[in-house]
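Trainee: Here's the letter readout for the chains.
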Amino acid sequence: MIAIALHLAAGGIALALLLNLWRLVRGPALGDRIVALDTMVINAIALIVLIGMIGGNDTYFEAALLLAMVGFVSTIAYCKFILRGDIVE
Amino acid sequence: MSVIADIAVTILLILGAGFALIGSWGLVRLPSTMERLHGPTKATTLGLGALLIASVVYFQARLGIWTAHELLISLFLFVTAPISANMIAKVHLHRRRTHAAGEPESIAGPPPRPSEAGDWATFEVPIDRPSPTYEGRDIE
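For the protein sequence lines, the chains are A and B, in the order given. Mapping to UniProt numbering: the first sequence position 62 is 62, numbers consecutive. Mapping to UniProt numbering: the second sequence position 4 is 4, numbers consecutive.
Hints in this document: simulated from the structure, not taken from any laboratory. We put the CB at the ideal spot given by N, CA and C, even for glycine. It cannot be assumed that every hint is accurate.
Claimed, not checked - Derived DMTMM-like pairs (lysine to aspartate or glutamate); straight-line CA-CA distance at most 20 Å:
#1 B:90 x A:86
#2 B:90 x B:105
#3 B:90 x B:35
#4 B:90 x A:62
Unchecked claim - Take a look, some chain B residues computed to stay more than 10 Å from chain A by CB distance:
#5 4
#6 7
#7 17
#8 18
#9 20
#10 43
#11 47
#12 64
#13 95
#14 103
#15 104
#16 109
#17 115
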């Protein structure tokens, strides 16, 4: 039962990533693309957690934690660059 | 693995993936940037939260170890999600004010100004209204 649920969930997350990719390519506003990238990071974290559960290996959570931190920093850096024309002033 | 843990993990997995999918579908469906900010918040809090709880229960039931990484991830995401949403909303306001191309108006219109004298803190000041911040102050 869990194996079926794990693969269903992975399929759902993959579909969500495709939807985010559509919004990232389509735009139209710059804010939409930033939201799409931010959501892609969230979905990638979810996919990494699911892969760790499928493989029965809890080392994957280090990668998920790192991606959570780096994704946030990249979103803020992009927003700061648009708002201020510079990242570190 | 006990049946109760089995059922709990299954329900949490389906719930989490479903919310992540709904959040991304909202990102595609909703009509403008300010509305599109609304969808992915569900994916962050409910979707990823349910998946991380499922992973805690799964590893406890299967390997007999309690892991704290998942709680760290969800804590970090819960702290950072409002900040990035605020920054993206400010990017949208800034691009609206500088009349950048391809920035559609949201359904509810622009948000009200925070006060009579001030405006939302973004980089450039609109051309038709000079900034009150720099008036009467010596800039050397």
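Trainee: Now tell me if each hint is right for this structure.
Mentor: The hints, checked one at a time:
1. With a C-alpha separation of about 15 Å, the suggested pair residue 90 of chain B and residue 86 of chain A falls inside the 20 Å cut-off, and the hint holds.
2. Restraint check for residue 90 of chain B and residue 105 of chain B: the C-alpha separation of about 14 Å stays at or below 20 Å, so the hint holds.
3. Using a Cα cut-off of 20 Å, the hinted pair residue 90 of chain B and residue 35 of chain B holds, with the two alpha carbons roughly 14 Å apart.
4. Proximity of residue 90 of chain B to residue 62 of chain A is assessed by CA-CA distance (about 32 Å); at most 20 Å being required, the pair is judged violated.
5. The Cβ of residue 4 of chain B sits about 12 Å from the closest Cβ of chain A, beyond the 10 Å cut-off, so the non-interface label holds.
6. Chain A draws residue 7 of chain B into its interface by the beta-carbon criterion, the shortest separation being 8 Å against a cut-off of 10 Å.
7. Chain A draws residue 17 of chain B into its interface by the beta-carbon criterion, the shortest separation being 4 Å against a cut-off of 10 Å.
8. Its beta-carbon lying about 7 Å from the closest one in chain A, residue 18 of chain B breaks the requirement of being farther than 10 Å from that chain.
9. For residue 20 of chain B, the condition that its CB be more than 10 Å from all CB atoms of chain A is violated, with the nearest at approximately 5 Å.
10. Residue placement check: residue 43 of chain B does not keep its beta carbon more than 10 Å from all beta carbons of chain A (closest about 6 Å).
11. Not every C-beta of chain A lies more than 10 Å from that of residue 47 of chain B, the closest at about 7 Å, which undercuts listing it as non-interface.
12. Separation of residue 64 of chain B from chain A is adequate, the least Cβ-Cβ distance of about 12 Å exceeding the 10 Å criterion.
13. With a least CB separation of 6 Å from chain A, residue 95 of chain B falls inside the 10 Å interface cut-off, contrary to its annotation.
14. The claim that residue 103 of chain B is not at the interface with chain A is violated, since a C-beta of that chain comes within 10 Å of its own (minimum 5 Å).
15. With 10 Å as the threshold on Cβ separation, the claim that residue 104 of chain B sits away from chain A is violated: the shortest Cβ distance comes to roughly 6 Å.
16. Every C-beta of chain A lies more than 10 Å from that of residue 109 of chain B, the closest at about 16 Å, which supports listing it as non-interface.
17. A cut-off of 10 Å between C-beta atoms confirms that residue 115 of chain B is not in contact with chain A; the least separation is 20 Å.
The structure fails to meet hints 4, 6, 7, 8, 9, 10, 11, 13, 14, 15 from the earlier list, while all remaining hints are met.
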